[in-house]
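> Work the whole structure out from these sequences, hints included.
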Amino acid sequence: MHEPATLPSVNPSQSYWLQSLSPVLKGHRTTEDLPEEADVVIVGSGITGAFAADFLLRHEHDGAEGSKEKKSVVMLEAREVCGGATGRNGGHCQPQVYLAVPEVAAFELETYEFLKTLAKEQNIDCDWVSFTGVHAFYSAPMFETAAASVHDLQQTRPSLGSQLEAIRGTDKARLADLKVPTAHGVIIQKKAASLWPYKLVAHVIEQLLPFENFNLQTNTPVTSLSPLSSGGWALETPRGMIKAKQVLLATNGYTSHLLPKFADLIVPTRSQISAVLPPNSGSQPAELKHSYLFAADPDVNDGTNAPRDDYLVQRPLPGGEIIYGGGRRFAKNLGVGVSSDEEVESQIAKYLRSNLSPPLDLTPPGKVIEGEGELKASYEWTGIMGYSRDQHAWVGQVPESLGGGKEGGLYICAGYSGHGMPSAALSGRAVVRLMLGLDEPQTVIQGGKIEKREVLPERFRVSEERLRRAREECAQVNGGWEVNSFATLI
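Here the sequence shown is numbered in the UniProt record's numbering, starting from 1 and rising by one per residue.
It is possible that part of the hints are untrue.
[Unchecked claim] Listed next, the in silico SDA-like pairs over lysine to any residue satisfying Cα-Cα at most 25 Å (straight line):
1. Lys172 to Ala148
2. Lys289 to Arg315
3. Lys71 to Leu57
4. Lys190 to Met142
5. Lys191 to Glu165
6. Lys245 to Thr223
7. Lys406 to Gly231
8. Lys245 to Ser463
9. Lys245 to Arg29
10. Lys116 to Glu287
11. Lys199 to Leu57
[As the list claims (entries may be wrong)] Across the chosen pairs, the derived CB separations fall in these ranges:
12. Pro260 to Glu342: 19 to 29 Å
13. Phe131 to Ala173: 17 to 27 Å
14. Val455 to Glu407: 21 to 31 Å
15. Phe131 to Arg471: 31 to 41 Å
16. Arg471 to Gln284: 47 to 57 Å
17. Ser346 to Glu440: 43 to 53 Å
18. Ala148 to Leu228: 50 to 60 Å
19. Lys289 to Ser162: 13 to 23 Å
20. Gln155 to Gly408: 38 to 48 Å
Honestly, the hints are just simulated from the structure, not real lab data. Glycine included, every Cβ here is placed at the ideal spot set by N, Cα and C.
Structural data, given as structure tokens:
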């Protein structure tokens, strides 16, 4: 049985993405004192909390006698804005297509398109770069399994299958062109992106500050949560208590600190990332045209008995730093159950500095790299993911059996299993619809086909039946949960 998560660490390791904070948001407190009450309190200011607040504040609610109701919204953040997993991840936004059930894959593709369009239309300075994702496999059985999944999607779900291409190891020229010459095979995914996650979230929250009914309180951790006999909730913080009619926990890996009954459903899990300086020969490094995932079955020689699960994107040239994450198989108990992101594990850090090439050929065209060994890293940090017992996020009202109280009013949107960037934004909007009692988006005609847009996957919805299935059918594996090998902090 897992222990509840702790509060976010006071002295976390320094993330590459948090090296320069928004001067508007740093230490921001809309009011000097914590408000005594609010209509809605959102706990957490990562991508989930940001888009939930955005939708809530921009949506006009019908009140009495046809008036428009403005709900007061308070956002509480234990650290600085976006100081949790969103600000500490690998800088990817890549939907799971062949690794997810179709309804989830479609939802993630829609979230990807939503963020891509938003970044472009609002000219958000978050370094969004769209490209293809290269999933390179270094064990034949794992590749064959992935290739079979791709083939099945191409036959049964062509709209999803069209996003994918399988390349076998016999196509040496193509693998060399993709800079993965030693792979057994590759799955190309057409929609992927890299971005600066903190800057995206910071932009969204900065746009909310002018709303008179929005109050942001940073460096204000919620230490406990309890239902009020009169209805609503009381949230205790080191700065006092605030009462709310509704509460949204956008707390991901830290959820069980406030809801201990979620301790076996959303488990904190630590991952590690480095900003590695690429090799060069006195010239600009090679530019990567894709993002990468590296996968392999457990290696009996490394003593970990866990699969390889590494991932990277490159920062824009001329610097070209490579944001390289993974190596979790070297962590004690795979990092499962760890809530602290203060520590950087030396063995994993050494692995990330030493095992980038091969498998990835980083040699600049026409150049020869002199010398071998470790590359240098400008930043090395850890982040806390929230692993879901059944692999899916938990979105909706918390039932009484999980600590939701008799009167309700407590909602959750968390547990992305390291894959929040392509699902959290629209999940945050979806949970607000549930909080407001709004209907799902209507069916629309798109390209001559009838589709439902922005519909929350059934597998994400919180229910007693899902809780029963999760606890009865999902067994513990290696101290964590049986999850696919790409459920990483991307």
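> Which hint numbers doesn't this structure obey?
none
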